[in-house]
Each structure stands twice: as C-alpha cells, then as structure tokens.
Amino acid sequence: MGRVIVVTSGKGGVGKTTVSANLGTALAMLAHRTVIVDADIGLRNLDLVMGLENRVVFNSLHVMEGECKLESALVKDKRVENLYLLAAPQSRNKDDVDPENMEKMVKQLSEKFDFVIIDCPAGIEQGFQNAVIGAKEALVIVTPEVSSVRDADRVIGLLQATGIESLSYVLNRLSQQLVDRGDMLSQPDVQEILRVPILGVIPEDHHITASTNVGKPLAIEGGTPAGDAFGRIARRVLGEKVPVPEFRYEGKMARFWKWISGNN
Amino acid sequence: MNSRKSILVRGCTGGLFITVDDSIGSEELNDRVMERIRRVGPEIRGESIILEVDKRAMDSDALQSFQMRLNQEFGMSVQQLIAKSDETREAAKELRIRSAPVFTTGRDPQADTVSVPYTLRSGEFKRNPRGNILILGDVNPGAEVSASGDVIVMGTLWGVATAGALGDETAVVISLNMQATQLRIAGHYAYARSPKNSERGLHPEVALLENGEIVVRNFIEFNLLEREVKKSWGGLSS
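Each protein sequence line maps, in turn, to chains A and B. Taken in order, the first sequence gives residues 1 to 264; the numbers are from this note's numbering. Taken in order, the second sequence gives residues 1001 to 1238; the numbers are from this note's numbering.
What the hints contain is simulated information worked out from the structure, not anything from laboratory work. Mixed in with the good hints, there may be bad ones.
Here are the computed lysine to any residue pairs in the SDA-like style, where the Cα-Cα straight-line distance is at most 20 Å [as the list claims (entries may be wrong)]: (1) Lys1126(B) / Arg154(A); (2) Lys1126(B) / Ala161(A); (3) Lys136(A) / Leu199(A); (4) Lys11(A) / Glu1124(B).
Since this is a predicted model, take the numbers as computed values, not measurements.
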C-alpha cells in the first residue's frame, strides 16, 4: 500500500497546486512511483502546471463513474520516469463527486503507486471533504501572511478531527529579506501558532512563475532556490533528516563578490 | 391586555432579563412571554434568559414546557431563575437550572469549571455559560472562548475572550501570554495590544474591570485577594 498525502491549505492561492506538482515530481525523480491527483473538480489546473494539458483524455470523474478504466485515465509524464497525473474534469462541479467513489478510487491508486499526492481545492466545503477522505497524511501549505496562517490553523483543526494520522506544514513563499525588515511573519511566528511539525520552507522564487507558465515543474531541474527546496521536502517525506538552510537575501553586489571569490 | 406592564424585558449580557408579574395566570404565561420575546429583535435576543417570576409557584412540568418552547421558538434557554417561592426553586434544581431568590451579579460559588484539554484553533468556539472555563493550551487567532465566570488560559491567548458573559463585573481573564485580539468583561470590551509589540515568552497577566474599564495587570504582582475584599465589602475601597 502506497502513502496517500493530501496537499491542502484552506486559503486559495498559497501554492497547493505548485507544491503538489513539484513534490510529486521530486518523489518520482527519487525513483518512487507517484501519481498526482487533481481533486479540484471543475477548476482543474494541475495538468497545466505539469504541462500535460494536451494529453488528458479521461479524468478522475470518468473513473469514478465507471466510464473508463483507471489505467486509461492516468497520464504518464514523459520527462520523468514513474510520474503520473490524474486530471480533474473542468466542465463538472464538486457536487458531482460521490465521496464513496472517491475513497474507492484513492484506495485503488494506493495499491498501484508508492505515493498518491492529492491536490485539494481551496475552501473547507464538500470539495475539501472529498479530497481528504482517502488520505492518511496531510500537508498544509501556508504562506507567511496572517490570513493564510489563520486559515491553515482552521484546516489543521478540521483535519485533526478526521482520520488523518500524520500532519505537517510547508511554509511557502518566504522572503528572508522581508522577514529581516520586519514586514513578514517569520518561521517561528508561524510555528508558534500552528504547533505541528514543519516539513519544509520554500523561499519566494521568481522561477516559479515561469515554470508554472511553461508547464515544467521546477523540481525537474535543480539549481533554483525553490526547486531545490522541493527536492529537500521530498527527501524529508521519505524520512531523511535534511536540515532547512537559511534563505539569505543576496543583493546584486553580494552576489557579484561571491562570484568573484568563486565560492558559488 | 397590558402585557407591557406585567412583563418587563431588559437586555443583559448574553441574553435577556425577563421579569414576569404575578398578575399573569400560569396558563397564559408561556404564550405571553414568547410573544413578548418575539417583539425583541432577533439580533439582540442573545441565547439565554434570566427569568424572574417573583412569588409565582411553578412545578417542574411548567418550567420544562417553558424551557422547551423557548428552545423551539428562539433556540434560547433559561440561564437563571429568580424566584421567591421555594417550590419554584426546587423545580429549577430538578431541571438543573441555576436559581436564586434575588438577582445578584456576583459569582456563583458553585459555578462549574469546564476544562478544555487542548489548543483552540481558528474557528473553534468554546463556552461555559454556567461558570468558569479553563483552557489547557492556547487560544489561537480566530478562536473564541466565553464564560459567565472567569476565563483561564494556560497558554497564549490570541483570540477573543469573554469573561462575565452574563454580567459578572468581577470576572477576570487570566492568561500566561496575553495577546488577545479582543477582551470582553461583562459587556465592556477592549482591544488588548497591537501585535507589533508582542513579546515571546510567558508573562502571566490578568485582565479585569476597574472603574468600568478593562485593565491588564501582571498576574504575579496583582493580588487576587484584594478583589475578594472589594467584593465582600461591596466595593468600599474604591
């Protein structure tokens, strides 16, 4: 039986889909059979972020309603071995999902894969309930903003009341420069409220925007601050102890001197 | 029909204070009181009532039918019964409703303390309308805690805390780290402090009413005994 991890947040726009895509990619690159499931029925975009939009024929609702086999709805990523996507329908909505069918499908997936990553929709309504139903582990995405922390806290409370066995959070889009200036919540600030284990910190990184737009997860190639952070998070998911590096902001001059002195 | 005179309704924290004259017959009591509550706007009804019935004798059936109608029609409940008749107070006791011969805002020495053994997360609301509430954890931002008596938080209070929710002005809020969004005591309210100057670490503090204003004091230096003296001497020292 594979591990089923739901990626959730409560608040929208904090990076659930980006984290799902990149974490899934990073796990697959570490040679684990991984499927990423878009549970945002009616507002699908995981396939866009993964760059697999044009290859989606069947979606998860087809599977749940028995219109096609599970195998034929899985889209294999050609760039990364072991990586699969199960897309959401765009034309239906969340009420069309039968929670029982969802649970059955997730169970089926967990028999075939080492990791089932579920990209949860925003909100705490039925869509959230459906996404969480088959998962044993949850990853709560939070950005260093009070509104995001507030919603993450609410979601953690809801998750603790369900059957989730293991729960941790990822702090996304942290800008050390803003923290140093006192304009952004720091990691200890967030930890003080959420009080659950932290799985990783992803620094604010402009490479994300580009990677999302061209549909190529950053984790595929190393060398970007966020992409490397996803790699570390994947290794922590596998149980490795990987320390969180400090994300120092480097001004242009600092980078120049670093380049001159050659310890890049 | 001069129901205005025979039924007097006042607002109190957390609900309504309803005084029913002895001139109203026991068979029409329910209807008249319900009708009177209906005339109070739903936004200020609150959730509980304090019912004052003077010398009227009510048995537990009468009281229970009143309680049931109140719950069905308005979702409210009788919080306290003020009755001079021993029989009525006995009936209240049977139904586990607090009762007293005269109304006092002072704390009830028999008040229950409800203990919550975990941290309240955003969106959670814990209340005890029958005494104190003890939180063995934090009250996170977006969470709320309310009690008719004292609120004690053995952790950081970030959310909203209401003490003396039914009007007890001697109620206090105690927390090991006071960062509350808002504090309310017996209808008075205060914003605690801006999150900017929040310090990490534990500094036990107590929030209480002084001359109609909520003040926050260091709990170690503050002498709770002083408050007891003030209370028993009817505030002579102030």
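Violating hint indices (sorted, rising):
none
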